[in-house]
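Colleague: Residues per chain are reported as follows:
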Amino acid sequence: MKKLSARRRHPLAALVVLLLALACTGGLYAVFAPADKAQADETAQSLTIEEGKKLYAVGCASCHGTGGQGTSDGPSLVGVGAAAVDFQVSTGRMPAATSQGAQIPKKPAVYSQAEIDQLAAYIASLGAGPAIPTEEQYGPEGADIAKGGELFRNNCAQCHNFTGKGGALTHGKYAPNLEDVAPKYIYEAMLTGPQNMPSFPDSTLSEQNKKDVIAYLNAVNSDESDSPGGLELGGLGPVAEGLFAWVFGLGALVAVAVWVAARTAKAKKS
Amino acid sequence: MSTTTTPESRSRGKAPAGERVADWADGRLGIYSLAKANMRKIFPDHWSFMLGEVCLYSFLIIILTGVYLTLFFHPSMNEVEYHGSYVPLQGQLMSEAYKSTLDISFDVRGGLLIRQIHHWAALVFLAGMFVHMMRVFFTGAFRKPREINWLFGFLLFVLGMFTGFTGYSLPDDLLSGTGIRFMEGAILSVPIVGTYISFFLFGGEFPGDDFVARFFSIHVLLLPGIMLGLVVAHLILVFYHKHTQFAGPGKTNKNVVGMPLLPVYMAKAGGFFFLVFGALAALSAIATINPIWNIGPYRPDMVSTGAQPDWYMGFSEGLIRVMPGWEINFWGHTLVLGVFIPLLIFPLVLVSIAVYPFIESWVTGDKREHHILDRPRNAPTRTAFGVAWITLYFVLLVGGGNDLWATHFHLSINAITWFVRIAFFVAPVLAFIVTKRICLGLQRRDRDKVLHGREAGIIKRLPHGEFIEVHEPLSQEQLYTLTAHEQYKPVEIGPTVDENGVRRKVKMSEKLRAKLSKGYYGGESQIPKPTVEEYKEITSGHGHH
Chain A
1 MKKLSARRRH PLAALVVLLL ALACTGGLYA VFAPADKAQA DETAQSLTIE
51 EGKKLYAVGC ASCHGTGGQG TSDGPSLVGV GAAAVDFQVS TGRMPAATSQ
101 GAQIPKKPAV YSQAEIDQLA AYIASLGAGP AIPTEEQYGP EGADIAKGGE
151 LFRNNCAQCH NFTGKGGALT HGKYAPNLED VAPKYIYEAM LTGPQNMPSF
201 PDSTLSEQNK KDVIAYLNAV NSDESDSPGG LELGGLGPVA EGLFAWVFGL
251 GALVAVAVWV AARTAKAKKS
Chain B
1 MSTTTTPESR SRGKAPAGER VADWADGRLG IYSLAKANMR KIFPDHWSFM
51 LGEVCLYSFL IIILTGVYLT LFFHPSMNEV EYHGSYVPLQ GQLMSEAYKS
101 TLDISFDVRG GLLIRQIHHW AALVFLAGMF VHMMRVFFTG AFRKPREINW
151 LFGFLLFVLG MFTGFTGYSL PDDLLSGTGI RFMEGAILSV PIVGTYISFF
201 LFGGEFPGDD FVARFFSIHV LLLPGIMLGL VVAHLILVFY HKHTQFAGPG
251 KTNKNVVGMP LLPVYMAKAG GFFFLVFGAL AALSAIATIN PIWNIGPYRP
301 DMVSTGAQPD WYMGFSEGLI RVMPGWEINF WGHTLVLGVF IPLLIFPLVL
351 VSIAVYPFIE SWVTGDKREH HILDRPRNAP TRTAFGVAWI TLYFVLLVGG
401 GNDLWATHFH LSINAITWFV RIAFFVAPVL AFIVTKRICL GLQRRDRDKV
451 LHGREAGIIK RLPHGEFIEV HEPLSQEQLY TLTAHEQYKP VEIGPTVDEN
501 GVRRKVKMSE KLRAKLSKGY YGGESQIPKP TVEEYKEITS GHGHH
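Same order as they appear, the protein sequences are chains A and B.
Residue 114 in the UniProt record's numbering sits at position 114 of the first sequence, with consecutive numbering throughout.
Residue 437 in the UniProt record's numbering sits at position 437 of the second sequence, with consecutive numbering throughout.
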């Protein structure tokens with residue numbers, strides 16, 4: 001203590017105190033305010049948004065407007081959320097071709113995942129909307145397949161068929177086949193309701209319910225699902241079965257009949 | 001007696017075992033005369049004559065597999081919770097009918113294969129009957145004396161449709177439930193009595209808990225029982241009438257040229273049964289049909305897209321899908337024309353082909369028996385009518401599957417619906433005109449072949465430099481086959497005044513008949529077949545070339 005008091009008038013004492021104080025405050029700040037990291041993230045986030053804005057200006061603004069407000073060629077993107085962007089751009093539906101038919105089809109994606117995240121961040125910054133779901137939300141853990149099947153038949157089968165093989169809508173529109181669509185995109189589609197699809201927000205179809213539906217589709221309409229009866233014939237029901245019965249069933253039997261009729265006792269005369 | 005006979009005399013005096021059995025049976029059943037009359041029955045050989053056999057055998061296969069299925073199926077609508085082998089339905093509530101069908105598919109040995117054979121055989125059975133019926137139609141095999149058998153066959157087709165429909169409804173899955181809901185809607189659209197019939201059929205409000213048990217009785221007992229009886233009657237009549245045959249040398253209206261029932265035809269037919277069974281079993285082992293586990297249990301609050309009936313009911317689906325949703329409201333009642341009109345057209349589509357033989361025989365006024373088949377081209381109006389009917393049927397099938405046409409050919413479902421609405425009226429007419437012209441073209445070709453021979457494709461240069469194509473004259477057999485058919489003359493109304501000069505009243509039906517007859521056999525509806533004189537003139541002229 002004596003040593004310390006002896007040096008308290010040292011010319012550098014003030015500097016040492018200042019350093020100590022700074023270290024102390026810095027330490028305390030570090031302990032009590034994790035906002036430090038958030039601060040850094042926010043910077044990164046704003047950078048991402050900036051990048052996304054640039055991408056948006058080049059690839060999207062011509063239809064959706066310079067600020068995402070929408071034009072006659074494309075709807076407003078304010079409040080659609082990151083989930084909608086991730087779904088539309090990752091499945092290649094956006095950017096849409098200039099001459100589109102009744103419905104914008106699925107295509108190979110144009111942007112990389114990093115770019116999609118930037119676009120999503122920019123669109124999310126325009127107004128609050130559903131965020132991109134995490135693997136925990138759409139993963140298979142804790143899902144009830146049977147319940148998912150029931151929910152699917154109740155809410156989805158009207159357009160997508162019993163096992164999500166797809167179906168027709170009016171004027172050339174259609175509900176696409178859900179075979180091997182990644183769980184994330186199914187989740188996002190339910191959340192945001194792309195094109196003609198109604199949206200199923202958590203208030204309608206809870207997170208658990210969405211998980212169940214995804215698990216059901218994975219069980220009945222993916223690489224992993226098996227068909228115990230043999231060839232599935234597209235899983236489209238009696239029309240495909242009828243065609244198969246005519247062509248391969250009756251066709252085979254007529255061929256057999258022709259063969260049998262040609263083998264008559266007269267055939268030996270040669 | 002046996003004590004006195006020596007071993008040798010016994011062996012000499014006793015007939016072979018087969019003869020003894022036959023003797024024993026004949027003494028009790030009188031089968032000798034029956035066998036004598038029928039064992040040498042002749043059947044002509046042609047692949048198209050075996051289409052009926054395809055139907056008969058698939059019918060037998062359906063009965064055999066159906067019996068197996070009844071051993072495990074519970075026709076009950078009691079609600080149970082599923083705990084079987086199929087994971088994606090674990091814990092779901094369902095009717096016992098649906099559960100037992102799942103058990104047949106997953107837990108009964110061979111159950112799924114038998115179920116699939118049963119269902120595939122049903123589709124092939126109906127398709128076979130359709131084609132068999134068209135064979136009979138286009139060759140004119142329905143003419144006297146076979147009109148009744150034509151009707152039996154037609155009844156079998158219609159009963160087969162309804163047996164199939166009730167079978168499709170039994171598993172109580174979401175697809176079949178939708179089908180029954182469709183049927184209920186059609187019944188409800190009937191004015192005045194619709195509601196009563198519906199309540200009677202379902203034992204109250206749809207779906208109730210009766211219909212599976214009721215449909216089961218209809219599906220396994222009532223309809224197949226009637227069908228079995230009709231099949232037997234159909235076959236007895238085939239035996240009684242003897243089989244028809246195509247025209248050819250040595251084949252007349254009074255004989256049948258072919259192979260005897262025993263042993264040739266019996267061996268062929270027996271072998272063919274196993275071929276049919278084998279083909280259907282292979283089909284069922286390769287391709288799945290009606291995967292009810294994917295479809296889920298029926299609940300009236302659920303429905304799926306792609307909900308169609310099996311193909312033989314597809315034309316009724318087409319009728320309902322393309323019909324505009326008209327309805328009339330009066331005094332608080334609704335007449336749902338959008339459903340009721342298709343319900344009325346449905347039987348008309350079927351009946352129109354069934355009554356055709358009677359219309360034709362009225363127009364021709366022909367009361368003779370016909371055992372020689374027509375070539376379709378030689379009856380252009382009949383052939384054109386048949387093709388028009390098939391066209392109508394096919395157009396309606398397109399309407400019934402309009403959603404799949406839309407998704408697979410990237411079309412608008414609305415455009416398809418409008419196409420079917422227009423084609424329903426226009427396509428049969430076009431098909432009629434085009435077919436008739438094609439038939440006439442083929443008749444002209446036959447005439448040319450008879451008179452000028454076959455174009456040999458050999459070009460010859462004559463000494464003075466002219467090129468000619470060599471025509472090869474037809475053989476005597478071919479000439480006979482091409483000219484064996486007879487050609488009718490149009491019916492005349494006859495004198496409109498009687499011998500006393502009094503004007504006779506010509507009935508409307510008489511005028512209509514004369515008009516139809518002119519359409520059938522007038523100058524624009526058949527090409528006169530070459531006469532012997534024409535043939536002789538041409539062939540004798542060849543030498544002067």
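No lab work stands behind these hints: they were computed from the structure.
Treat the hints with caution; some may be incorrect.
For each label pair, taking beta carbons as the anchor points, the in silico distance ranges come out as [unchecked claim]: (1) ALA102(A) to PHE358(B): 28 to 36 angstroms; (2) GLY251(A) to ALA415(B): 24 to 32 angstroms; (3) GLY251(A) to LEU71(B): 54 to 62 angstroms; (4) ILE192(B) to THR204(A): 39 to 47 angstroms.
All residues carry an ideal CB built from backbone N, CA and C; glycine is no exception.
Colleague: Are the hints correct? Go through all of them and say.
Modeller: Hint check results:
Roughly 49 angstroms separates the CB atoms of ALA102(A) and PHE358(B), a value that falls outside the hinted 28 to 36 angstroms. Taken as a hint, the range 24 to 32 angstroms holds for the pair GLY251(A) and ALA415(B), whose Cβ atoms sit roughly 30 angstroms apart. Take GLY251(A) and LEU71(B): their Cβ atoms lie about 32 angstroms apart, and the range 54 to 62 angstroms is violated. In this structure the supplied range 39 to 47 angstroms holds for ILE192(B) paired with THR204(A), their Cβ-Cβ distance being about 42 angstroms.
Checked against the numbered hints listed earlier, the structure breaks hints 1 and 3; every other hint is satisfied.
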